[in-house]
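Trainee: Assemble chains F and B onto chain Y, guided by the hints.
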Amino acid sequence: MIEFIKGPMVWIAFGMFFAGLVFQGFRFFRLTRRKERRLIPAPPKKAGNKQTKKNVPVPTREGMWIQHLFWWVERKFAPLTRLAEKRIFPMRNSVAGTHPIVTGVTVIFHVFLFATPIFLLAHNELVASALGFSLPSLADSTTDMMTMVFLACAAFFLLRRIFVHRVRAISSVFDYFAWLITVVPFVTGFLAYHQFFDYDKMLTVHIILGEIMLILVPFTKLGHMIYFFLYRFFIGSEYSFGQGSRAW
Amino acid sequence: MIVGHRKALDEIAGMIIDHKKILIVGCGGCTSICLAGGQREVDGLDADLRAHFEEGGGHVDTDVFTIERQCNADFFADLDEMIPLYDAVLSMACGAGVQFVAERHPSVPVFPTLNTDFVGVDRDVGWYEENCRTCGDCVLGDTAGICPVTRCAKGLFNGPCGGTRAEGTCEVDPEVPCAWFEIHKRLKTQGRLSMITKVRPAREWVNQTRRTVIQEPYKERYTK
Amino acid sequence: MSVHSDKAVDTKQIKKALAKHKNKMKAYLSHCMHCSLCAESCFLFMAHDKDPRYMPSFKVINSVGSLYRKRGNVDRTTLEKIKKIVWKSCVLCTRCYCPVGVDVPDMIAFARGICRSQGVCPEFDETGAMESWL
Numbered sequence: 001m002i003e004f005i006k007g008p009m010v011w012i013a014f015g016m017f018f019a020g021l022v023f024q025g026f027r028f029f030r031l032t033r034r035k036e037r038r039l040i041p042a043p044p045k046k047a048g049n050k051q052t053k054k055n056v057p058v059p060t061r062e063g064m065w066i067q068h069l070f071w072w073v074e075r076k077f078a079p080l081t082r083l084a085e086k087r088i089f090p091m092r093n094s095v096a097g098t099h100p101i102v103t104g105v106t107v108i109f110h111v112f113l114f115a116t117p118i119f120l121l122a123h124n125e126l127v128a129s130a131l132g133f134s135l136p137s138l139a140d141s142t143t144d145m146m147t148m149v150f151l152a153c154a155a156f157f158l159l160r161r162i163f164v165h166r167v168r169a170i171s172s173v174f175d176y177f178a179w180l181i182t183v184v185p186f187v188t189g190f191l192a193y194h195q196f197f198d199y200d201k202m203l204t205v206h207i208i209l210g211e212i213m214l215i216l217v218p219f220t221k222l223g224h225m226i227y228f229f230l231y232r233f234f235i236g237s238e239y240s241f242g243q244g245s246r247a248w
Numbered sequence: 249m250i251v252g253h254r255k256a257l258d259e260i261a262g263m264i265i266d267h268k269k270i271l272i273v274g275c276g277g278c279t280s281i282c283l284a285g286g287q288r289e290v291d292g293l294d295a296d297l298r299a300h301f302e303e304g305g306g307h308v309d310t311d312v313f314t315i316e317r318q319c320n321a322d323f324f325a326d327l328d329e330m331i332p333l334y335d336a337v338l339s340m341a342c343g344a345g346v347q348f349v350a351e352r353h354p355s356v357p358v359f360p361t362l363n364t365d366f367v368g369v370d371r372d373v374g375w376y377e378e379n380c381r382t383c384g385d386c387v388l389g390d391t392a393g394i395c396p397v398t399r400c401a402k403g404l405f406n407g408p409c410g411g412t413r414a415e416g417t418c419e420v421d422p423e424v425p426c427a428w429f430e431i432h433k434r435l436k437t438q439g440r441l442s443m444i445t446k447v448r449p450a451r452e453w454v455n456q457t458r459r460t461v462i463q464e465p466y467k468e469r470y471t472k
Numbered sequence: 473m474s475v476h477s478d479k480a481v482d483t484k485q486i487k488k489a490l491a492k493h494k495n496k497m498k499a500y501l502s503h504c505m506h507c508s509l510c511a512e513s514c515f516l517f518m519a520h521d522k523d524p525r526y527m528p529s530f531k532v533i534n535s536v537g538s539l540y541r542k543r544g545n546v547d548r549t550t551l552e553k554i555k556k557i558v559w560k561s562c563v564l565c566t567r568c569y570c571p572v573g574v575d576v577p578d579m580i581a582f583a584r585g586i587c588r589s590q591g592v593c594p595e596f597d598e599t600g601a602m603e604s605w606l
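Line by line, the protein sequences are chains Y, F and B. Residue numbering for the first sequence follows this note's numbering, starting at 1 and increasing by one per position. Residue numbering for the second sequence follows this note's numbering, starting at 249 and increasing by one per position. Residue numbering for the third sequence follows this note's numbering, starting at 473 and increasing by one per position.
Check before you lean on any hint, since a few could be wrong.
Distance condition first, Cα-Cα at most 30 Å in a straight line; then the derived DSS-like pairs of lysine-lysine [stated by the list, open to error]:
| # | chain 1 | residue 1 | chain 2 | residue 2 |
| --- | --- | --- | --- | --- |
| 1 | F | Lys269 | B | Lys492 |
| 2 | B | Lys492 | Y | Lys35 |
| 3 | Y | Lys35 | B | Lys498 |
Here are some, though not all, of the chain F residues that point toward chain B, as calculated from beta-carbon distances under 8 Å [claimed, not checked]:
| # | residue |
| --- | --- |
| 4 | Glu259 |
| 5 | Gly276 |
| 6 | Ile281 |
| 7 | Val308 |
| 8 | Asp309 |
| 9 | Thr310 |
| 10 | Thr314 |
| 11 | Glu316 |
Don't read these hints as lab results, they were simulated from the structure. Just so it is clear, CB atoms sit at the ideal spot from N, CA and C, and this is done for glycine as well.
Okay, chain Y solo, but in the shape it has when bound:
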């Protein structure tokens, strides 16, 4: 049984993860259609038509300081920010201006969610022995620190979900379950690495939980990882990154 979990089941889990994501991605993409692109000549420019950025967020108490920071950066590095806005990435003060703390935490959370397992030495050793190649690894102390930061961010989200009224108002049982299934592989991996409790048992639990998480990603709300890119990059809307060439 354990051999199955550590062996073929890993392949199955990863297979379902990747295939599931691709399948869901295509399934969803097929619901969209290409927008007709009809560029029109610019209307005559009227003097004094300078408007503020379209996504000036609603200022909250904690958001105002980052708003001012953004505006200062924009003014100070005006040519650069204008270029970035035009060519690379729209520099919008979106939700980061309204909820800087949550935005910051979620960025760190998601970056570490992916970076930690991908650049973990132990994982890469297994990948190398299975596939013959692997990604470069970070030092164990680094990934250890990353795991702890990740868990701190996760704790922030849990506390927010429990104690912030408006988040609690829309939370369901599955939200807590999704949080749990994302966090426990990291917790068990951390415990296994540091050899708290029985290493073999902890490792087995880590593997099982990781497999469950991978299988669940394409078929539950955890799939927002792929839909985020579809929704925000492809579907044209007020908040799309870039031009948004597709519509429903």
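Mentor: For chains F and B alone, kept in the frame of chain Y given last:
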């Protein structure tokens, strides 16, 4: 908000007389709010048309459907599938919506059931008054919030014509207050009477050709 | 008060409408991370003293979400409740923001369409109500 009123039933019946299957489409936006073309008014028109045709010994085959807005493609998914099944469409949206539906379905005749009147305000339930003629060059800041285009019979921009009656009403229609008299009164209340001597140049009449607005932050997206 | 308050709700028609857009709507509902970051983008939320009932996520979870949860087996009372949410708490100004990209106006319009199909829609000359529809 855009205000309109339903055309005479005879006129509407005359539009669809040569068509068999008709779809009456309502709009959940402005025409709903001004009680001209919403879901209830759609049902009302449906009943009226059936009665009208039956009176004449004939028959009309109508279906009804209301969408949230007829001026935005995002709300057309279900309607776009339905229209090809009909011979004609009676739209209860404003003129903009009627044209938008017609543009999306060029092979199906789309008829207007409303006369779109103006951009106006709600005085009370069922009572609407014109306030704006969308001239594209607003001077309300100078005229204490009274529009000389809409409220002055002659559309004068630089003071009254000299025909104001003693009661402060318009020489064209004694029921209508003289707009410049009202402007003067209000500017005086606000202590800004000096604005009344400000001379404005002749207007650039821009509402004779089709206008387009692209908000400044979106210029890059839609213009070449 | 609705246009056809005496007719029974045609749940078959509702189920058909729900099934037609199931893929998209269920994806939206599923990918809503219940994070409440959409709240400040709704001017009604800000105008009503940050009442969570005006959050775009709250509105869609309790309208479209409710319709799917009940699998379309709704009665007129439920539709009236949904009517309150999608018409009184929302003007479809389409300014709602979602970090994941869920199209909230699309869902509100969908819920409105289902209400309309059963004759449940606002009557702008409704008298006797303390609050107006707008």
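Trainee: Confirm or reject each hint.
Mentor: Hints, one by one, checked against the model:
A distance of roughly 24 Å separates the Cα atoms of Lys269/F and Lys492/B; the hinted pair therefore holds under the 30 Å criterion. Between Lys492/B and Lys35/Y the CA atoms are separated by roughly 22 Å; this keeps the pair inside 30 Å, and the hint holds. Only pairs whose Cα atoms come within 30 Å are accepted, and Lys35/Y paired with Lys498/B is accepted, the gap being roughly 23 Å. For Glu259/F, the interface hint is violated, since its Cβ never comes within 8 Å of a Cβ in chain B; the closest pair sits about 25 Å apart.
A least Cβ separation of about 7 Å between Gly276/F and chain B falls short of the 8 Å threshold, and the interface hint therefore holds. The closest approach between the C-beta of Ile281/F and any C-beta of chain B is roughly 5 Å, which is under the 8 Å cut-off, so the hint is satisfied. Given hint, Val308/F at the interface with chain B, is violated; its Cβ is 21 Å from that chain's nearest Cβ, farther than 8 Å. Below 8 Å, beta-carbon pairs count as interface contacts, and Asp309/F has none with chain B, the closest being about 20 Å; its hint is therefore violated.
Hint on Thr310/F is violated. Least Cβ distance to chain B is approximately 16 Å, over the 8 Å limit. Restraint check, Thr314/F versus chain B: the minimum CB separation of about 5 Å is within 8 Å; hint holds. Hint on Glu316/F holds. Least Cβ distance to chain B is approximately 5 Å, under the 8 Å limit.
Comparing the model with each earlier hint shows violations of hints 4, 7, 8 and 9; every other hint is respected.
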